[in-house]
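**Q** Read off the chains here:
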Amino acid sequence: MSSPRTPRTPRRPIARPGTSSSQGRDNVSSDFPSSPGLQYPSSPGVGGSGLGVNSPLPFATTPGFQVQYQPGQFAQTPIRPHLQDSELSSPMAMPSSPPRSNLGSSHLRSDISYGTQRDGQGLQTPRRRRGDVVSSPQVARHLALMTDPASDFALNSGGAFPTSQDNDPTQVVKVVWGTSVEINDVISRFKDFLHEFTQKSRITQENPRGLYTESEKQPFYPQLIDQASEISVMRRTAARQLNLDCQNLLYHPYAKKVHGMLIDYPAEVLPLLDFTLNEFFADAYPEDDLRGDSLMIRPFNLGKCINTRDLGPSDIDRLVTVKGLMLRTSSVIPNVKKAFFQCLVCEQSASSEADRGRITEPTKCPNQVCGALNSMSLIHNRGEYADKQVCRMQEMPESIPDGQTPQSISLVVHDDLVDVCKPGDRLEITAVFRGVPVRVNPRQRTVKSLYRTYLDVVHIKKSDKKRLAIDDEISNHSGKRATYQGGDEIEVQSEDIIAKIKEISMLPNLYETLARSVAPSIFEHDDIKKGVLLQMFGGTNKTFRKAGSPRYRGDINVLLVGDPGTSKSQILSYVHKIAPRGVYTSGKGSSAVGLTAYVTRDPDTRQLVLESGALVLSDGGICCIDEFDKMSDATRSVLHEVMEQQTVSVAKAGIITTLNARTSLLAAANPIHSQYNHRLPMVDNIDLPPTLISRFDLLYLVLDIVNETSDRRLARHILSLYLEDAPETGGADIIPIDTLTSYISYARNNCHPMLTEEASAVLVQCYLDLRKLGGGKQITATTRQLESMIRLAEARARLRLSPDVEKEDVEEASRLIREGLKESAMDPRTGLLDMDLLTTGQGSYDRGHLEDMRRELLNLLNASDKTNLRWSDVLADFNAQSSVGVSEEQFSRVLGELEQQQYIKVSGKRGLRVIKKLMTGQDRE
Amino acid sequence: MSVIERPLETIQELFRKNWKEGESTDKNDFGVTKHFQELFDTREKLSKIPVLDAQSISTLPLNSLVRFRCMVQDTELSQEVALFASTISNKPDGEEAFICHRYSDGPHEDQMLTSRQNQELMDLRSSYYCVSVPGQSQWVKDADKPTDLDAAVDGLKLEEKKASEVIAERFPFPAVSHFAAVVKTHSSDVSIGVADMVEVIGVLGASDKVSSGDSFDFQEESTAGPRIPTVHAILMNKVEDHGHPELEVNGRPTETDLENLTRDAKTIRENLIQYIAQAVRGDKFAAELVLLQLLARVYSRPSGAVLGKFSLNLKDSTANSPVAKSLENVAKSVLPKVHAIPMTLENLNKNYFYPRGEEHLCSGMLQVTRGTLLLLDETAMEEGTLVDQGIKNLKAVSDVSLYQTLNYVFPYNSLEFQTDISLLIISFGSSLIPVDCGITLKPEPASPDQQSEPTEEELQSFRRYISALRLAEYKFSEDMAKEIETEFMEQRKAASAAGSTLITPNDLALNISLARLVALSKGELTLTRECWDHAVALSKQIKERSSTTTTE
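Residue numbers (our numbering), protein chains in the order written: chain D, 17 to 941; chain P, 517 to 1068.
Calculated from the structure, these hints are not laboratory results. Just so it is clear, the structure is predicted and the values come from calculations on it, not from any experiment. Ideal Cβ positions, reconstructed from N, Cα and C, are used throughout, including at glycine. No false leads were mixed into what you were given.
Okay, the calculated beta carbon distance ranges per label pair: (1) SER707(P) to ARG800(D): 48 to 56 Å; (2) ALA1010(P) to ILE753(D): 37 to 45 Å; (3) LYS1009(P) to ASP326(D): 52 to 60 Å; (4) SER707(P) to ALA515(D): 30 to 38 Å; (5) VAL930(D) to SER816(P): 56 to 64 Å.
Please model the complete structure; the sequences and the hints are all you need to start from.
**A** Put into structure tokens, the structure is as follows:
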């Protein structure tokens, strides 16, 4: 969507004929070349454009201009010097708006008084003025004339100009000198735009669809303003601004031209737009009193985002949209606009406007009776101040070229935008790019040939695009959206990306292709990739009001267990890379504190602050935990809560709270004895409580199995890396990581599939089948598996961007679960699935065998004539005798039973446990 | 040559000849780059340009042409918009001239800007903060020094003292003296990145304070901070990672070089192993592995995998092992870039191993150029607590060892950079850092006749041998690949039948890397059966040697 841009008229000063007298002035001002309105001093427009200007701008500042005044008048009104000053002012030195004359002829100044003619008293009340864009003086003057042609100033100078034309400014074509901006043209175009633009016109051009809502057919801006005004009535302090999506301008045939001009000459055009908006507002709501305030346009979405790296000299003084990451912000700087002085002797007051950041302190009391020298003292709280903040923004991490360090740029934010963003926010900023010469010495005017650049911000939009966008559901849930999210957004993702996503979703073997695209460098493990893929899509979160349950989780948890060196960590780090709010921790390193939330003392404020840990940080995302089995017990207990309730409770240092942790968990664990023992069931192979294991929707064993064909392929895979061939990673048709990311993000936000009747029936059948697998005796599936199945089926439907969960989705979900269960809940001794193994760690086979084992063990103990036996010795003997492997856990369970029956007593700790026979079995029996 | 003393005159002439205002001539090229490239097209001609370093800075005149070999520490000092050209009037007589300001600090004090500056006559330039190559060995520095007496006499001339200060935390190694300069370039070429070694040919500018870009007052120069010399780069070439001063900048050994080397490789190899063995207490096997490591480099990263890295851990269980010190000396005598890092708790807890961006990008000990050998001496470690900082440092070292990547930590995000650092870890027991290969030293009493220092000539041949073969192209044939493939499969089958431990894919990968290094060390550029068997034998021995410690 590149915006058509009118070729920019070069802003080059054009030699004015016969103005040698102005030479001296030019020399001074040339030191400050880049502030708006200074480089291009207005002059009689003849030389400036050939656009048929038949009249010089009425109040243009030219050397010839002063001649129009009576000498006496000039002496009274300090117009001339002030004009020059305001021209010299660079926006940094004087970020507050240019001074207003204390003679009340504020129309002369470059701040625009938006008041209408009715608003007579508006002249006295303080007005809000733009801090970001100081409008160029000629525009300001012109606008002043348009609003209030009968002002004293106009009267004063009236005689000097051919009033017949100028009193009716709408009839004259006026071009801002040095630009292609025609004042009246811009105003009329923009006015039409405000009146006529409908969302429909944009949607029809972007992606036509049949139906339009009533509000889309209505002119858009009156609606928006209606909203804004309501708010302003409700809250007196409301921000008075209108976010203008500049793309909308492009969809209005007549206003198209304004778009290019706005970008090229923001200092000239923006005030004109502001002016038009205020008139528009005054027409629409004549009774609405803005109490001296005026509405401001905040343009955004210029169509093209410029990388900070590419901002060059040609962008200076243009409007640009830049993306970045906020690094730090200064505190709010109160910027004096007007200082108030009072005489210590006679209490006569006087005020002084800021002039290029400096206040001239009156040295003498203006009261002629008093006239005391050096008696004026500053009264702080009667001055006028504006907010300003200086920030540092770093370019987006993803736009940094390889091998380069990130670049950062300074931002200056004014007024309402102050403190809108915090360090760490990802932003899209619309701003005017500025360059100011560096002074050699603060006390000297001499400047170097060096310019420092910064951005004067006009609009801030928060964005987070790199990672998958956080579920809308969740971000809405957590409360209000940021105010500056952009007032009239239609669609965040750009059209071509969506088109691409749609195209991908049409692929014949979409599911396989997407699965292959997950971690392409990892060899095989297709089912695991599928599981992880579905996890990234996630099921839908549901709320059943009737059931009283607040929220059903849609997050899918996956556990990978396997031999070391089977690329589990690689899968984890891949997921971390693309998952929304992905957090990667290692179970070994992270204490309970790191995973949950902890309380620290803020080094600056010495206040206690709650810092969220990995789980809370990944709220709405995926938390990847490596070495899950190495985690401390305390942390694990937290995970129980997270995985079912999806909250983390914190009670530390006097802070008691519950934080949301709506996160999917992807964990990887190693077997207890480094190598997986196939003779033992899964639960005995990992050092994790069965209760925790059962909370995972999918469990995968990643094993190193000897198999001739796969070994050969594996060897070939490794060798091909070294042969510098294209390694075989499952074909060339994989989807690149960033496309996959946006695909998943799109699906998560736009697709909320529902179960169809047919799918529900299949679901029930699959569940029943699964339960039947146990052959009646064992429990093979619980409702947890049913829920998992629903979630996976939803995720699979989401993957297809389908609104309905269909039969095949359910079948695939059930297949994945069965495969997972086959590996994890299969009792290797019976070959049957047994859910109890997972839920209690003890299968029904065990229960049957327990009695046998008890007897055998008793016999073994009796066979020995010692009364005290070492625990480990007995286990070793017992295992040697038994035909099937007996795990420590089973062994201690049997011992526990015996202990209860008072046959034996176990004492000592861990490795030094001793079994003491209380009485021989025969004695008892 | 006058161009060396007054390069700006040459530039101005080219400017007058080739650049017209208003015409859409590319600002970036009015023939300067080409002109200087032609002027200095051989190493010999290049060597005429004086080298800029901590000593020569005081004698080199301002605005003269200099040569500066350095590491790019930071590519993003704040971006500047500067005057490209302007009309100036010289103060005494008011004579006006249209002057190009590129490659200079701007107009002189006695020149007045007369014309209004407009955007077409402005330039965008980026500044790189550059430091002397970290860990450069003395013999490399010596090779760059002018040897003739004239230069020595020049050095005595008294001139105005130019400031040359440095920002200490921008150099990787704390408490190591170094030289730094800000290189300003107009090229939009982003192929030169952080931690690259570059050779800059440019105009020496004034020493100035580095603008951190943090100043909230845009019009004023930052007033605090050290003054760093500026170099306005005309040419900026990336130096390949060998760092050997006599080899071509692009690093590819010439045909004749290679021929000589392949012929002599075997004898040099024997001698070099002998030489290294002295440092590792006579253990020739260990010495061979060290030699292989010196030849290792990351040569490819296909789809996420890292090929060619070879981090080595030597375990010496004797107290007060002299190995670390003697290995450092040996390495310094044959390698261009070496640095030893004592892994004391204090060093780990207090210093930074990874670079991090705060006010500016501070360096860390791992921010070194590609092809640098870091000797980590873990025998220096004592008991105690490792604080948070220490853990992060260890993590950074592990990342380098495992993935050859280094994270630069910035506020709110961190960036991963690819590295090629050889890690040689000397430890008491197993190292804290995961390595590709770890063995226990078996000291052998050396016979007295072997205890001889190599001659300077021998050292020269060692240096060339390592630097050239390290970068040599190596291939292995499809046939050989087939053989390896079958062998791997058979081995697994046999092992699974016998119930012994399986050969893992990782073992296979190690064997293939070893085979490459063995072949290179013998001067062979393709894999032969002989080298493969040698490599497999080595791999077996490594297994034995590494498992001996675990049972102990």
